[in-house]
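Trainee: Residue numbers for the sequence shown follow this note's numbering, so the first one is 1385 and each next one is one higher.
I should point out that these hints are in silico values taken from the structure, not numbers from a laboratory. Hints should not be assumed to be uniformly reliable.
List time: in silico DMTMM-like cross-link candidates among lysine to aspartate or glutamate, alpha-carbon distance up to 25 Å [as the list claims (entries may be wrong)]: (1) LYS1853 <-> GLU1878; (2) LYS1996 <-> GLU1899; (3) LYS1682 <-> GLU1841; (4) LYS1806 <-> GLU1841; (5) LYS1613 <-> GLU1816; (6) LYS1530 <-> ASP1476; (7) LYS1562 <-> ASP1605; (8) LYS1613 <-> ASP1419; (9) LYS1530 <-> GLU1495; (10) LYS1818 <-> ASP1837; (11) LYS1874 <-> GLU1970; (12) LYS1853 <-> GLU1716; (13) LYS1800 <-> GLU1816; (14) LYS1806 <-> ASP1796; (15) LYS1818 <-> ASP1719; (16) LYS1469 <-> GLU1490; (17) LYS1806 <-> ASP1719; (18) LYS1800 <-> GLU1749; (19) LYS1853 <-> GLU1816.
Note that this is a predicted model, so its numbers are computed, not measured.
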Amino acid sequence: MRNPFRLRASKRSVHDEQFVRLFAAGALDLLNDVDDPWSGVVFLRSAPGGGKTTLLRLLTPGPLRKVFRMQDDQDIRPTRDALFKAGAITADGPAILGVVIGFTNEYRDLEEIGETGARATAVFRALVNARIVLATLRAALERSEKAYPDDLGQIHSVWQPVDGATLPANATGSDLHKWASHIEEGVFDILDDLGGENKSVPRAASGLEALHWLATATLTDASGPINQKRVLLLDDLQFLSDDQSNWLRESLTNARLSCGIWIAERLEALPAEDLLAEGALEDRDYDGEIRLERRWRKRSVAYVKFVDQIADLRARDADGFQGRAFFPALAEELDSPSWDAVFDAQSGAIEKRLVLRVGHQQRYEQWMAQRRAVPGSPRDRALGWRELEILIERDLGKSQRTFDFDALTEQDLDDKENAGVKSAAELFLSREAKAPIYFGRQKLASLSSSNVDQFVELAGDLFEELAAKTAVRRGADSVLSAERQHQILKRAAERRWDGIPRRVPRGYEARRFLEAVGAFCEGQTYRPSAPYPPGVTGFGITMQDRARLIDGSRDSVAFAELRTMLAALVSQNLLEPNLDHKNKGESLIVFYLNRVLCAHFDLPLGYGGWRKKSLKDLSDWLAHGRSAVTEKSLV
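Go ahead and model the full structure; you've got the sequences and the hints to work with.
Mentor: Spelled out as C-alpha cells, the structure:
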C-alpha cells in the first residue's frame, strides 16, 4: 500500500486534482486573520514545514479552478466554502489571479556582481521585474487552460508606464515575454562573466515597475478581459541575501498598490531580536503577519481538527484504506487485561516504598488505610498509590515540621488531590511500569508542535504500520495498539534528535544545548514531590535579560553566542517562545521544548511547567551541555 503521508502536496509532481484532494480546509481559517487578504501586504512565516508553500499553491489558477469545478465533491466542499467566504472564489469562478514566484539560492549569486552594492541591487531589481512579468503570463495562460509559451499571442496588455519604465505600454504576451527574457539573458550573461564588470546592467526602472504593471494593467486574452484581483505570491524569501530581502520588503511595503502581496519566508530570515520578541512584528506598516506555529498554538482545538482533516484526506487516498478515517485506527486506551498484572505489581511496590519511607507514623495511617480500601481497576489502584506517594513526599518536605500525632484525615487527602497531581502520577507510573504514554489522537497532534510537516511525518510512521497490518489481514480493519504507537513515536523522536546536526546551523552545539535543557526538565519533572505538575518542559528568562541579549550593550556582546543559538532554535521550531508570561510580578519570555523532543526525554506534552534561568546558566549549558546541569540547579 502506497503511503500517502509521504507525499509533499506543495511539490509540482503532485497534480492539481490530487493536490486539492489532499488540501485540508482548516488551513484557510488564517485568511480570517487578515482584514482584506487580497489587498496590501501579508507576511506568512513559519519554521520549515509549516505549510506556507502549500497555501500559496492553492491560490494559483490551476488549483482554484479545480476547487471551483469539483465543489460538489464532499471532500472538496469545505475548501470551496472557505475560499468563497474569503472572496477567492465566487459563483462565477475564481476571483483572484495568483502570481507565484519562488526564490532560490541563485539570487544570492547576484551579490558577487561588481564592486558596489548599487550594481548588484540594480541587477537583482531587473531580474525580479522580469520574473514578475513571466509569472503573470504563466498564470494568465493557466487560468484559461492555454499552453505556455505557445499561446502567449492571445494575451494583450495595456498600462500607463511609471516614470523611467521600460516595460512596453501596449504589448502582446509575446512582446512581454521577449522583454522579460531579454533581461533574464542579460543577468545570466553577467553571472557567466565572473562578476560582469564588462557587461551592462539590464535596463529597468528604479523600482518595481512590474509590480505597478501587475496592479494596474488591463489584461485580456481570447475570452476577453482578465478582471480577477491580482495577488503576487512570493515564496522562500529566506534564500535572498539580507540586502536583497531588505530592499524587496521595503519596495513592496512602500508601493501602496491595489493588488495583494503575500510574502512567505522561514523564520530563519528574521533577525534575532524579532525571533526573541514573539509578536513584535504585528501592527507595522503592512496588513499583517501570520506566524503559523504560533497561530495554531493559540488555537489548539482548531489545530487538532485541522490535522484530523489532513490525516483523513490522506488515508482515504491510500489503496486498501478507502472509506476509513485515520484516527479511529489508533487505539486511545491501553489494553487493560494485558497490563493488569503489571499495575498490580506496581501497587504492591509503591505500598512497600511508602511503608519504608514513613514506617508506622500515625500521621499517615488514615491515608494508607484509605488507599488500601479504594476499589477499582489495577491501573486505577496503582495510580491512586502513586498520587499518595507524591502527596506524602510533599508533606514530608514541608519546612515547618509537624508532630507525628497530628494525623492527616481522609478529608485532608481528598482536599489535596487534584488534576495536576493526578497527571504527574500518571507520568511517573507510566515510566516506572514501562507503560506507553505517547499514543492516541490528542498526543499525536501535540507531538507535532503545531507544525504540519512534523505531523505528517509522525502520522506517516504510524500509517506504515497500519498499512502492514491491513495487508496481513487482507483488508480487514486494524487498530494500532497503544504500545506500538508509543514505540513508533519514540523511534521517530530519536530520529528527529539524531537529525538535529543536519537541520540546524551549528547543529552539534545546538544538540548539546538542547540536551542540557532536556536534562534540566527531566530532573525537575521527576522530583519525588512533583512540584511543577505534570512536569517542566521549558525555561524562562526575564524581559530584562531578554533586553540584555539583544540591545547591543556590552552584556549583549558577552551573550552573543547564546542569542544566536536561541534565535536559531526558535526559527527551527525546536524551542517555542511564549512572550510576556507573568509570574510573581515579573514578565518573562518562556521557551518550551518542541514536543517531539519532550518525547525524546520522556516528558509530558502539556504547557505551563517551566523554571526561570539566568543568562549565565544558559551560557553554561551552551558551552558544556548536560554536565552543566548540576544537582543544585535542580532544587
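Trainee: Against each hint, give a clear statement of whether it holds in the structure.
Mentor: Status of each hint after checking the structure:
Between LYS1853 and GLU1878 the CA atoms are separated by roughly 24 Å; this keeps the pair inside 25 Å, and the hint holds. Note on LYS1996 and GLU1899: the hinted pairing holds, with a Cα-Cα distance of about 17 Å set against a maximum of 25 Å. A C-alpha spacing of about 22 Å is found between LYS1682 and GLU1841, which places the hinted pair at or below 25 Å, so the restraint holds. A threshold of 25 Å between alpha carbons decides the hint, and for LYS1806 with GLU1841 the separation of about 31 Å lies outside it, so the pair is violated.
For the proposed pair LYS1613 and GLU1816, the alpha carbon gap of about 61 Å is over 25 Å, so the pair is violated. A threshold of 25 Å between alpha carbons decides the hint, and for LYS1530 with ASP1476 the separation of about 19 Å falls inside it, so the pair holds. For the given pair, LYS1562 sits about 18 Å from ASP1605 by alpha-carbon distance, which is consistent with the 25 Å threshold. The straight-line distance between the Cα atoms of LYS1613 and ASP1419 is roughly 16 Å, inside the 25 Å bound, and the hint therefore holds.
At roughly 37 Å between alpha-carbon atoms, LYS1530 and GLU1495 are farther apart than 25 Å, so this suggested pair is violated. Straight-line distance between C-alpha atoms of LYS1818 and ASP1837 comes to about 29 Å, which puts the hinted pair past the 25 Å bound. In summary, the hint linking LYS1874 to GLU1970 is not supported, as the alpha carbons are separated by about 36 Å, beyond the 25 Å threshold. Proposed proximity of LYS1853 and GLU1716 is supported: the alpha carbons are some 18 Å apart, at most 25 Å.
Straight-line distance between C-alpha atoms of LYS1800 and GLU1816 comes to about 23 Å, which keeps the hinted pair within the 25 Å bound. Pair hint LYS1806 plus ASP1796 holds up; C-alpha atoms about 16 Å apart against a cutoff of 25 Å. Taking the CA atoms of LYS1818 and ASP1719, the gap is near 14 Å; set against the 25 Å cutoff, the hint holds. Distance hint between LYS1469 and GLU1490 is unfulfilled; the C-alpha atoms sit about 38 Å from each other, more than 25 Å.
A hinted pair counts as satisfied when its Cα atoms are at most 25 Å apart, and LYS1806 with ASP1719 qualifies at roughly 20 Å. Our distance criterion of 25 Å between C-alpha atoms is met by LYS1800 and GLU1749, whose separation comes to about 16 Å. Distance check on the hinted pair: LYS1853 and GLU1816 sit about 30 Å apart at the alpha-carbon level, beyond 25 Å; violated.
Checked against the numbered hints above, the structure violates hints 4, 5, 9, 10, 11, 16, 19; every other hint is satisfied.
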